[in-house]
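Asks: Each chain, letter by letter, is given below.
4 protein chains.
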Amino acid sequence: MQKIKFETDYQEGAHPKILERRLATNLEQTSGYGVDVHNERARELIRRAINKPNAEIFFAVGGTQSNTIVIKSILDPCEGVIATSSGHINVHESGAIEATGHKVLTLPHHNGLLDAKDLKKYLTAFYANPTYEHTVQPGMVYVSNSSEYGTVYTKNILKNIKAVCGEYKLPLFVDGARLGTALTSEASDMDIKDLADLCDVFYIGGTKNGALFGEAIVFTAPEKFKLKNLRTLIKQQGGLLAKGRLLGLQFEVLFEDGLYFENARHANKQAMKIKKAFTDSKIPFLFESFTNQQFPILTAEQNKKLSAEFDYELWEPLEDNKMAVRFCTSWATSDENVEKLINAIKNL
Amino acid sequence: MQKIKFETDYQEGAHPKILERRLATNLEQTSGYGVDVHNERARELIRRAINKPNAEIFFAVGGTQSNTIVIKSILDPCEGVIATSSGHINVHESGAIEATGHKVLTLPHHNGLLDAKDLKKYLTAFYANPTYEHTVQPGMVYVSNSSEYGTVYTKNILKNIKAVCGEYKLPLFVDGARLGTALTSEASDMDIKDLADLCDVFYIGGTKNGALFGEAIVFTAPEKFKLKNLRTLIKQQGGLLAKGRLLGLQFEVLFEDGLYFENARHANKQAMKIKKAFTDSKIPFLFESFTNQQFPILTAEQNKKLSAEFDYELWEPLEDNKMAVRFCTSWATSDENVEKLINAIKNL
Amino acid sequence: MQKIKFETDYQEGAHPKILERRLATNLEQTSGYGVDVHNERARELIRRAINKPNAEIFFAVGGTQSNTIVIKSILDPCEGVIATSSGHINVHESGAIEATGHKVLTLPHHNGLLDAKDLKKYLTAFYANPTYEHTVQPGMVYVSNSSEYGTVYTKNILKNIKAVCGEYKLPLFVDGARLGTALTSEASDMDIKDLADLCDVFYIGGTKNGALFGEAIVFTAPEKFKLKNLRTLIKQQGGLLAKGRLLGLQFEVLFEDGLYFENARHANKQAMKIKKAFTDSKIPFLFESFTNQQFPILTAEQNKKLSAEFDYELWEPLEDNKMAVRFCTSWATSDENVEKLINAIKNL
Amino acid sequence: MQKIKFETDYQEGAHPKILERRLATNLEQTSGYGVDVHNERARELIRRAINKPNAEIFFAVGGTQSNTIVIKSILDPCEGVIATSSGHINVHESGAIEATGHKVLTLPHHNGLLDAKDLKKYLTAFYANPTYEHTVQPGMVYVSNSSEYGTVYTKNILKNIKAVCGEYKLPLFVDGARLGTALTSEASDMDIKDLADLCDVFYIGGTKNGALFGEAIVFTAPEKFKLKNLRTLIKQQGGLLAKGRLLGLQFEVLFEDGLYFENARHANKQAMKIKKAFTDSKIPFLFESFTNQQFPILTAEQNKKLSAEFDYELWEPLEDNKMAVRFCTSWATSDENVEKLINAIKNL
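Residue numbers (our numbering), protein chains in the order written: chain A, 1 to 348; chain B, 1 to 348; chain C, 1 to 348; chain D, 1 to 348.
Among the hints, a few may not be true.
[Said to hold, decoys possible] FRET-style restraints, in silico, Cβ to Cβ:
id : chain 1 : residue 1 : chain 2 : residue 2 : range
1  : D       : Glu167    : A       : Glu28     : 43 to 49 Å
2  : C       : Asp257    : D       : Ala300    : 44 to 50 Å
3  : D       : Ser85     : C       : Ser307    : 32 to 38 Å
4  : C       : Leu227    : D       : Asn54     : 43 to 49 Å
5  : D       : Asp189    : C       : Leu27     : 30 to 36 Å
6  : A       : Asn26     : C       : Glu316    : 19 to 25 Å
7  : A       : Ala308    : D       : Asp189    : 54 to 60 Å
8  : D       : Ser85     : C       : Leu227    : 56 to 62 Å
9  : C       : Lys121    : B       : Lys282    : 30 to 36 Å
10 : A       : Lys159    : D       : Pro317    : 27 to 33 Å
11 : A       : Asn129    : C       : Leu27     : 51 to 57 Å
[Unchecked claim] Chain B regions said to be covered by chain A (calculated; three or more residues, Cβ under 8 Å):
id : region
12 : 92-101
13 : 162-168
14 : 203-213
15 : 226-235
16 : 322-333
Keep in mind that the hints were calculated from the coordinates and are not lab data. Note that beta-carbon positions come from the ideal geometry of N, C-alpha and C, so glycine has one too.
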């Protein structure tokens, strides 16, 4: 029998409302490559949600693709992108950024987050180095919200980062593969308007929050960037979907009446229940997360017991045969499965 | 009112059977990135269809992506890919191949097809050139079937190309974005088994033949290639879909009981009706095509009349204000719309 | 015994004046990477020679390197460089431009030269194509003077090209690997000031005109380009010579009192003698050249006879066993060797 | 007045013996691009010096270029090169490796050296990670000898690294920009034969050891690599010098009767005198080096005094206004200048 899966937030299909819309529009005829009414309307809904009537919005199929497109479009040949060592582009994208010719310049992370002080220190030292012209030039800053460890940026942390970016004229890019769970987390004090105000470009992750696939790349201040050829670049990177309306259509559904955040709130709620169960059982965490990724540290025996019934990700082997693992929830995580997991945790 | 569209073969959604399967499996839990039962089964069905039990099969989201992945995986840094000047990778992929560092080495096309004699002549001259080491080395050969002009390769033409490839140890890659309409065309004397025998790698286009999106990349003789890191390469190119089962699932449906070829036959049948209508009206063609793309040459007045009611692609302006245009059919082209078009042609 | 070589214009070492200066300065201590008095002075001499006090000048080791650096620094990711099919970057640089991710967009050549009308026609058609955003965008124009076939641009031809470039806001780049023989040719009506006025960036070839190696890249209107990181880019491309003063020093000698043009005039003078000898013997040419490359067409017997005594490049096999060949002269070609060749031609 | 320079080991020209040979051969006629008797003989001399009659040897102009060529030639698209965080390719080559599409995978350094245990630990963890196919694959190992901090590998350290490389089938590449001073250092127990035995490819640095420029890339076991197109790759990277004999000729002189090691011994001897002077004055070092780079830590006042008379590199600001600096010696460092420096150190 198949185990219950808490491996990832992309193990089910799409939210039923998206499927319904797909069915209803299947035989509509539209032009290809994202030039259609669904894309237009989705862009308009997002512009309204972030309160930026001039934002330029592009849709891509996945996260690695979105990161590559944004970063390749911004950097000059000798520039690199600053990220934490834990950043998705640094560790989990198979070298997609380097494949476009750019180095990822890494700074330490603090529970997965970038610290403005580290950034400032790095940039000060960089330009103080008399041979800096022999090194990769910092060209932009990348952060993920929520981070790869489930943690979130507060308004204050992001403001401080933005201030340093401003001082050095570096665009700030927020990877929002899990933006929904970040902004609806109890640890967050930002909404999507705040976020849009605090960065130059970000993407709104659909894949991990109820869409079949799809991310919305948002340039909040398009006048700062050369976007004339951005659709050509998306094509060059293999991301210009022929039946492009599939992307627009999904974001229409997600942003028509708040489904995007509703999905994320559901995922967070289920995660908080699981978190509480581990905490009640005195099981510690690798990171303190208030979003849909939870990283408990299991003993070998606990791991053996839980894994008999559940699938989850083995994150990192620790000493004494302990194992940090990851449980993920999503819009699709059912109360029933969460109950089963909580019971199993109680019986560890 | 919206005009009836004959612009492309990707203007509608997916075949209803694919939508049904999507619905039925939406809440299944599977691992991400194409490691699931649907991918496994789709691969098995394709292996059976081509009669190659050892073929290695990978799924990608789109055509440009598939071309880039295959070509990047095969070529060494100094090698280029030989294609006709009309080849999709040369003209219509925004420089995706060059973006991976490789030149497209062009030969003339004959109604969109590569001629083995041109290939042989080029290779002979290449190695006879005393300074050939200062130039891009030929590393593989690319052809499209059906071609960008709707024409198809016969077994004999392809055999001759394969023979030259063999002599120079160049892998032969067939871009099958429109493989279905090629193999079911009345101009074709090959089935998919023959095709698989006559090339080293090809892809089976889903996007233009009933899928929402998706192409199946098939290495027919995997032992000739280094495929160990191919999934990593797909990830690097932004093509490893998180909810990867969407790809497998669609090819399951398409190859379970012949839907793939049924879709293509339908598209061709509708195209042949349209072709006959133009021919009956003495309207000439830019290329003689027996597949789902038809390229009639319209006078300015004919163009004006038809475009009032129908959308189609303006292909190439010709002298005397004539215009070569493209009409495309697909699995979704209805008898009703074809009838309307035929009537309009009659009344030109 | 070694044959007399007319193979290339880089088969000898450097002009004696350069060697002397090398010896005289060998134990000077200077900072590395081109930040030294010799580079400074060489830049100043060139600025004066072209009458552009604000020109930005960079030195690189070779021609392929210079082309790559200039083109990579100017193009955006989706842009390509327009060149004739015979352009050095298209045929003889091992795909160096593509290795930086950019396509070479080719137009026909006319005896090795680009025609403004072809350029205009191409650009008009490009932007008239409704799907142009799916193709590589034209980003700059490249021409070689003298061309790969020994021919030269007149002021008028270049003006017309520049006018089209201006209309489409495309920078014009002149590859001057053989700039000296172009500007001192009897077929030229330009001096180096005219050339600098008629392009946005060019390089002055040293390697083929008396230097050991080295090319001077000149941005005539630096305010149009992002040059802040150009030295970093040169480093990235492996072209920032540690003992960078070697480059500056050579251009100091070449531009102090006209040695650069003196060398070229000598090469052309010797070539014209050889040209006359072939003409007198009724031997035809593949191209009519008034510079240091001559392309006579030899019968098999003539070729056999001449090649017993002389080395030259076999350029292109023609029908009837004829062979187009190339004879090159340079600053170092001696009267004695030219006399021997002329005698041999007379005796064919 | 110009200060005495101890900035780098490339601030003077070439060893007089090289200049003499340049003069003597200046008007020889040879074919271009390194196909000549000087290159042939230089290769033969190096093969004899390392006792590898089958070694394949290529010459390039500089170090960044050599690293890029070797690494690009070996890695597949998804592979990266393992180096210490202090490795030249990671910090001082302007992203040249990333510009070819490859990530530099960094491990901690121990006084600039790689530790076999770190390597083993990294590789074990890499393949134990269940999602390793989503990350850059380790494809080769890079070390510098002597290192960027002047330290050297002993036979034992390198053997251990080689053993781990063997276990994981990773080629080992030694950057020998400063190979001469490494192998002649009192801290080294290897000669060049040992080194050649302990790696798969390395380069012999000429630029920093008496040549005008030039590095000899040596594949010790060419049968393990695809070298067929390596010259084409060198051309593509802008490194195939037209007057290629300049490279061969210099290595002829360096390897005819031991000049290469003589130069290095001289540099080390001068450095050891300087080291002793600092030690005698109780001035500490950032790294303990037995080669031609010395890294004393100066107080603000010492720095002020010394810099009035000498140029040296400011390496790294430390606390209490101290500054780590670098003094470099070379084949050209005179006794006189060293004496002046030693006196100045005594008077600090």
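Asks: Indicate, hint by hint, whether the structure satisfies it.
Replies: Structure-based check of each hint:
no.	hint	in the structure
1	D:Glu167 - A:Glu28: 43 to 49 Å	violated, 58 Å
2	C:Asp257 - D:Ala300: 44 to 50 Å	holds, 48 Å
3	D:Ser85 - C:Ser307: 32 to 38 Å	violated, 57 Å
4	C:Leu227 - D:Asn54: 43 to 49 Å	holds, 46 Å
5	D:Asp189 - C:Leu27: 30 to 36 Å	holds, 34 Å
6	A:Asn26 - C:Glu316: 19 to 25 Å	violated, 58 Å
7	A:Ala308 - D:Asp189: 54 to 60 Å	holds, 55 Å
8	D:Ser85 - C:Leu227: 56 to 62 Å	violated, 31 Å
9	C:Lys121 - B:Lys282: 30 to 36 Å	holds, 31 Å
10	A:Lys159 - D:Pro317: 27 to 33 Å	holds, 29 Å
11	A:Asn129 - C:Leu27: 51 to 57 Å	violated, 29 Å
12	92-101	holds (count 6)
13	162-168	violated (count 0)
14	203-213	holds (count 4)
15	226-235	holds (count 3)
16	322-333	violated (count 1)
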